[in-house]
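Asker: Using the sequences and the hints given, assemble the complete structure.
Heads up: the sequence shown at position 178 corresponds to 176 in my numbering, and the numbers run straight through without jumps.
To be clear, the hints were calculated from the coordinates, so they are not data collected in a lab. Each hint can be trusted.
Computed beta-carbon distance windows for the label pairs:
id, residue 1, residue 2, range
1, G89, E151, 21 to 27 Å
2, T158, I201, 34 to 40 Å
3, N186, G69, 36 to 42 Å
4, N232, K52, 30 to 36 Å
5, S172, G69, 34 to 40 Å
6, K209, E231, 21 to 27 Å
7, S175, D221, 19 to 25 Å
8, K24, D59, 18 to 24 Å
9, C87, L228, 31 to 37 Å
10, D18, D160, 37 to 43 Å
11, D59, S114, 30 to 36 Å
In this text, a Cβ means the ideal position worked out from N, Cα and C, and glycines have one as well.
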Amino acid sequence: MKKIDFHSHVIPNIDDGAKDFDTALKMLEDSFCQGVDLMVATPHFKGTEKDIEKFISNRNDNFDLLMQKAGESSIQIPEVCLGAEVLICPGISDFKDLGSLCIEGTDYILLEMPNSYWYDAIFDEIYKIILKKGLTPIIAHVERYSPRKTGVEQYYKLFTMDIVLQINTSAFCSFFSRKKAQNIIKYNSEHSIVLGSDCHDLIYRNTCFKKACYQISRNMGDDFIDKIFLTSENILNNQSIENI
-1 MKKIDFHSHV IPNIDDGAKD FDTALKMLED SFCQGVDLMV ATPHFKGTEK
49 DIEKFISNRN DNFDLLMQKA GESSIQIPEV CLGAEVLICP GISDFKDLGS
99 LCIEGTDYIL LEMPNSYWYD AIFDEIYKII LKKGLTPIIA HVERYSPRKT
149 GVEQYYKLFT MDIVLQINTS AFCSFFSRKK AQNIIKYNSE HSIVLGSDCH
199 DLIYRNTCFK KACYQISRNM GDDFIDKIFL TSENILNNQS IENI
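Answerer: Dropping the structure here:
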């Protein structure tokens, strides 16, 4: 069963992730050493700043160069596939080519919620992405959102939707964030869960994958971590949310 990292910022020259190709290669090597079999590279896409065509061109060019440099080196790295972390903003569901930001080969799209109050318009965008575009949202780093910022009613509304929950590995690496992550899982058992490192560098926002898997197995059981990675494989095989 593959260990899959659904959220990473390992491609340089595109967002606030890897600062250069050397750092990116070290991040990939670190992920491999921590047991990651496949990484989804998900650079930030903000609809207010970039058009999709330019974003994809920039992403793909830098990814191709990164893979070339990896091939020329002696390091071992995980398999890497492409996606994006798409910030929800007004009108994002109307983007003609939004589906091209999905995780490669799937109809699943990684969405980032605003770090502020969640107005009804935000949920309207998600509904349109599901119903109009036929895409399934994976909500990025769901443990980072707080009802105090989003609004209590709005916060819990998110968990009534047909979505996949992505939790950052770093959430399982400290006591207080681990309790919150475990409670999200406990009280949302009907939702599929995937893991993402959300790695941006080698020090402050690194992979933390091995420790997270250990803590999940220790606190929630081996069967649960196996379920996470089985779900992850099914998503990459583009199985519908009802079947995973």
